[in-house]
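Peer 1: Work the whole structure out from these sequences, hints included.
Anchor point for the sequence shown: position 76 equals 140 in the working numbering, and the numbering is continuous, going up by one each time.
Hints listed in this document are in silico derivations from the structure and should not be mistaken for laboratory results. Watch out, some of these pointers could steer you wrong.
What the hints assert, rightly or not - Quick list of the computed label-pair ranges, beta carbon to beta carbon: (1) Phe133 - Gly90: 24 to 34 Å; (2) Ala137 - Asn100: 29 to 39 Å; (3) Met65 - Val149: 13 to 23 Å; (4) Glu114 - Lys89: 13 to 23 Å.
To be verified - 20 Å max Cα-Cα, derived SDA-like pairs, lysine to any residue: (5) Lys89 - Val99; (6) Lys89 - Pro112; (7) Lys66 - Trp146.
In this text the structure is predicted, and so the values were computed from the model without any measurement. Glycine included, each C-beta is placed from N, C-alpha and C at the ideal position.
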Amino acid sequence: MKTEHIVSALEEAFSQLGLDVRREKGHFRGGRCTVNGEDVIILNRNHPSEAQLAVLAESLRGLPVDTIFMRPAVREAVERLWLSVGREDDSDEN
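Peer 2: Spelled out as structure tokens, the structure:
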């Protein structure tokens, strides 16, 4: 599945969870934040889809993803990113 399709599917997943995904321009990585009292996901529209996918996957951590439908390929991509980030964090400790 193409990265752009996974990004679109994750945007739909956030919608199912009641969170808006916004694309903005600027010098920032993006992620989950609170704007005017509402949790939102902010993506940098200048970043490639791979970077946006990483931001979306990380923003899903701690959310009830088992309560929503995600295609198996999308769920696998998210879990793969979660594992790779976990391994990077472990190597930082050495």
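Peer 1: Determine whether the Cβ-Cβ distance between Met65 and Val149 falls within the hinted range of 13 to 23 Å.
Peer 2: 20 Å, holds
Peer 1: Would the hint linking Lys89 and Val99 be met if the CA-CA limit is 20 Å?
Peer 2: Measuring from Cα to Cα gives roughly 16 Å; hence the hint holds.
Peer 1: Can you tell me whether the CB distance of Ala137 to Asn100 sits inside 29 to 39 Å?
Peer 2: 34 Å, holds
Peer 1: Next pair to validate is Lys66 with Trp146; report whether the Cα-Cα distance is within 20 Å.
Peer 2: 18 Å, holds
Peer 1: Does the Cβ distance between Phe133 and Gly90 fall inside 24 to 34 Å?
Peer 2: Because 32 Å falls inside the window, the suggested range holds.
Peer 1: Do the alpha carbons of Lys89 and Pro112 lie within 20 Å of each other, as the hint requires?
Peer 2: 13 Å, holds
Peer 1: For Glu114 and Lys89, compare the CB-CB distance with the range 13 to 23 Å and indicate the outcome.
Peer 2: Taking Cβ atoms as reference, Glu114 and Lys89 lie about 18 Å apart, which means the hint holds.
In summary, this structure violates none of the numbered hints.
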